[in-house]
Each structure stands twice: as C-alpha cells, then as structure tokens.
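Colleague: Sequence:
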Amino acid sequence: MFVPPLHPPKVASITPRVGWLTTASAAAAWSPSAGSGASATNLGLYVPFEELAQQLGGTGRAKSVWQSIRSGRSISPRDDPAVSEHARRYLKQHGIDLPAVIVHTSSAHDGTTKLLVELREDGRRVESVIIPHFERRRTQAEVVLDPAREARSTLCVSSQVGCRQACAFCATGTRGLLRNLAASEIVAQVHLAQQLIRESSTAKQGTAANRAPALPPLSRLVFMGEGDAGANLRNVRHALRVLTDTQGFGMSRTSITVSTVGLNPSSVLRMADLPALLAWSLHTADDALRKTLVPTATHSVAELRDAFGSAMVARSGAHQRVLRVGITMLHLINDHEHHAHGIADLLLPLQLSGDVRVRVCVDLIPYNIVTLPGFPQFDAFRPSSKERIWAFQRILRARGLTAFVRMPRGDEAHAACGQLVNEGR
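For what it's worth, the UniProt record's numbering labels the leading residue of the sequence shown as 1, then goes sequentially.
Just so you know, the hints here were simulated from the structure itself, not pulled from any lab data. Values in this document were obtained by computation on a predicted structure and should not be read as measured data. The beta carbon of each residue, even a glycine, is placed where N, CA and C say it ideally should be. Hints may contain errors.
Label-pair ranges, simulated between beta-carbon atoms [stated by the list, open to error]:
#1 R359 to E387: 45 to 51 angstroms
#2 G95 to L332: 51 to 57 angstroms
#3 S316 to G374: 22 to 28 angstroms
#4 L332 to S300: 36 to 42 angstroms
#5 D345 to E50: 31 to 37 angstroms
#6 E150 to G57: 35 to 41 angstroms
#7 P81 to P376: 25 to 31 angstroms
#8 A318 to G374: 22 to 28 angstroms
#9 E50 to T202: 30 to 36 angstroms
#10 H86 to A166: 48 to 54 angstroms
Given these sequences and hints, build the entire structure.
Modeller: Here it is in structure tokens:
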C-alpha cells in the first residue's frame with residue numbers, strides 16, 4: 001500500500017523507489033537532465049526570453065519576436081513586419097526559422113482539426129490535434145452555442161515520431177518508434193496551431209451567423225499525441241520550459257498535461273518536477289491484462305502506482321498534486337465490474353493515506369475504432385457501451401474516486417485518441 005512520508009522530499013533530492021524500497025540502480029539513474037531523448041535539445045527559434053534578448057541585443061527586440069510567435073501573425077517572426085527590423089535581420093542571417101510546417105489539415109463536424117506536420121530536419125511527419133470547446137446552452141427547442149460564455153481550444157501534441165509502446169488498441173504503435181522530437185519541434189506544434197487558430201478567426205469575421213464558428217483561442221495543452229512523453233523526457237522538459245515562460249508562451253502549469261504509460265518507476269519519478277500536470281495511461285489494474293494491452297509493460301501497476309505517489313508527494317502545491325488516470329474502455333475486455341473495483345483498489349491508497357492530499361481523476365475513454373489496412377488485430381476491439389461505461393463510472397464514484405467519461409472528439413477525421421498515424425509511415 002502506498003504510504004507517503006510525513007515530510008515530503010524536495011524534488012531535487014528524491015530518488016526512485018519501488019514499493020518504497022530505494023534501489024541503487026534506480027537511484028543512480030536519477031538526474032534532472034537524464035532522459036532517453038535525442039541529442040537535439042536545441043530550441044532554435046524558441047529560446048527563453050532572456051537568452052533571446054541577449055542574442056538580439058535588447059529586451060524590446062525579444063518582446064517583438066515573442067509577441068509574433070504567441071499571436072500567430074506570420075509563419076515566422078522573420079517575415080512579420082511587426083517584428084523589429086534588427087530582429088528580423090538577425091533571424092534571417094542566422095538561418096533561424098520554424099523547424100516544422102503544416103502540410104495538411106482535416107476537420108470533423110464538431111470542429112476538431114487534425115494537423116499533419118512535416119519536420120524540416122528529415123521530412124518525417126507527425127500529427128497534432130486542435131480540439132475546440134464551445135460553451136452551449138439549452139433552449140426549449142435545441143442546444144445552441146452560447147456567445148456569452150468563453151470558448152477555448154485544447155491542443156494535443158506529439159512528442160515522438162511513432163511510438164515503441166505498441167499499445168494493442170492504438171494505431172500509432174504500428175509505426176514503431178522512428179525518433180524523438182526535438183524540443184523545438186514540440187514547441188513548433190503549438191506555434192503552428194496558434195497560427196491556424198488566428199487564420200480561422202480572421203476567415204470567419206463577417207461571415208453569416210449560421211456558418212461554423214472560428215476555432216477558439218488555445219488555453220490547454222496535452223502531450224497525448226504520437227509517442228510517450230515519458231520516453232522523451234529531456235526534450236519535453238526543454239519544451240515545457242519555453243511553453244511556461246511568462247515572457248514566452250506564458251502558459252500556466254495547470255493548463256498543460258503530460259501523459260505516459262509509466263515506463264518504469266525511475267522514469268515516473270523523473271517527471272515529478274515537470275511544470276505540468278501528470279497523466280497515467282493505465283487502462284487496467286490487472287497486470288496480466290495490462291501486459292496484453294501494453295506489451296512493453298515491465299513493472300507491476302502497484303510499483304508504478306507507488307512511483308506516481310512519490311512523484312505527487314514531491315510536487316509543490318495542491319494544484320500540482322493532481323494525477324489523471326486514463327482508461328480506454330474496451331467492450332468485454334476491461335469494462336467489467338471487477339475491473340472497476342480493481343482500479344479503485346489500486347488508486348484509492350494514493351489519495352486516502354498520509355498527510356499530503358493527492359487528487360486522482362479517472363478519465364474513462366471510449367475506444368475509438370481503428371481501421372488500418374494490413375493490421376487486422378484492431379478488429380478484436382470495440383468501444384464499451386454507454387451503459388457499461390456509466391456503470392463503471394458509478395462504481396468508481398461510489399468507492400470515492402473522481403471519474404469522468406471523455407466524449408469522443410474528432411473520430412470521423414481519424415483525429416481521436418488512439419487513431420493518430422499518418423502516411424509518413
């Protein structure tokens with residue numbers, strides 16, 4: 001059972017633990033700069049504000065560049081007339097430009113928009129997804145958009161080209177892992193999405209009221225696209241540094257979520273000091289079943305649970321001690337009552353023991369159907385029925401866990417969770 005220490009350790013001093021017994025090999029692996037990412041952590045255009053100001057010779061020039069990046073006014077700040085002439089000349093002379101471009105977009109009827117992004121480094125492609133959230137109100141006749149309530153968008157970004165975890169129900173794993181994304185390539189997805197959102201807003205100005213609304217401003221970011229963020233931690237950490245820089249993208253730590261299957265207890269603990277919320281792709285508390293769903297799993301869910309518990313305790317502030325747990329709901333595979341009780345048995349110790357409160361939020365995600373030529377294994381999966389998902393949710397709530405049902409978004413455009421795979425195979 002997970003039992004937090006009376007005095008939580010500081011992040012800088014924690015060592016990986018398995019079942020709260022420190023292992024020498026795991027401790028040796030712990031280091032703030034450790035990670036299995038590619039060597040290319042270069043941020044290129046997206047260096048922190050202080051560094052950019054030093055390069056450009058003034059904070060005013062750096063501000064003009066970052067204002068251009070945040071606003072999405074131009075494909076590149078070096079082509080934006082609002083950027084100071086000196087800054088534009090510097091960027092052109094040093095060949096500093098975006099490391100990625102959008103080569104195709106597709107949209108679902110609900111506004112969810114998938115971006116096919118090509119990486120300049122080698123021409124490989126990844127996908128990211130803009131998910132708009134339009135506030136609605138119910139009238140006597142129908143549910144309509146409520147212009148009085150602020151709409152917003154969530155961006156789902158990729159951290160790797162492909163993925164080595166090979167989750168049985170996920171299309172991305174069929175590519176295998178081709179390479180990690182550099183920090184600049186991760187940040188570029190945010191920049192490109194903001195530019196697309198700005199273009200959408202401009203295009204919709206003056207259009208008829210019955211036209212589809214423009215994409216709302218970006219307010220949340222989730223590392224739930226291609227790849228496992230925990231397997232590219234070094235570059236993800238560099239990207240988060242810029243994304244949360246108040247002079248950079250200025251995103252709050254609680255508006256970003258970084259997801260992982262939990263490669264091992266050591267990798268989970270290395271995520272403790274990330275400036276973002278953490279999410280665990282669990283799917284089941286049954287170790288044998290999880291091994292079939294996540295073939296690369298090498299540690300028990302109890303070991304990983306304890307590591308997430310250690311990471312949560314080490315984080316500063318209650319707002320950072322929130323762990324989101326993802327369960328992909330597969331019909332008659334992991335959606336029985338005993339599976340729900342197993343999830344509760346596994347997770348409740350995280351939030352019920354000790355003096356440090358950890359909030360666990362379980363996301364029940366209906367399986368999104370994957371149809372991929374040459375991969376008949378996906379035919380074995382179907383999404384759980386609404387009735388089974390609701391019953392699962394009721395059990396978790398009755399046991400004392402917070403549980404939400406995540407509604408499918410973008411599945412018709414193959415932009416939903418588990419469907420991201422592109423022709424750059």
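Colleague: Look at each hint and say if it fits the structure.
Modeller: Against the structure, the hints come out as follows:
Hint check: R359 to E387, Cβ distance near 28 angstroms, so the stated range 45 to 51 angstroms is violated. A C-beta distance of roughly 55 angstroms is found between G95 and L332, which places it inside the suggested range of 51 to 57 angstroms. Checked against the hint of 22 to 28 angstroms, the C-beta distance between S316 and G374 comes to roughly 48 angstroms, which is inconsistent with it. For the pair L332 and S300, the beta carbons lie near 24 angstroms from each other, so the given range of 36 to 42 angstroms is not met.
The beta-carbon spacing between D345 and E50, approximately 48 angstroms, falls outside the hinted interval of 31 to 37 angstroms. For the pair E150 and G57, the supplied restraint of 35 to 41 angstroms holds, since their beta-carbon distance comes to about 38 angstroms. A C-beta distance of roughly 54 angstroms is found between P81 and P376, which places it outside the suggested range of 25 to 31 angstroms. Taking 22 to 28 angstroms as the suggested C-beta distance range, the pair A318 and G374 does not conform, at roughly 48 angstroms.
At about 32 angstroms, the CB distance of E50 to T202 agrees with the hint of 30 to 36 angstroms. Evaluation of the 48 to 54 angstroms hint for H86 and A166 yields a pass: the beta carbon distance comes to about 49 angstroms.
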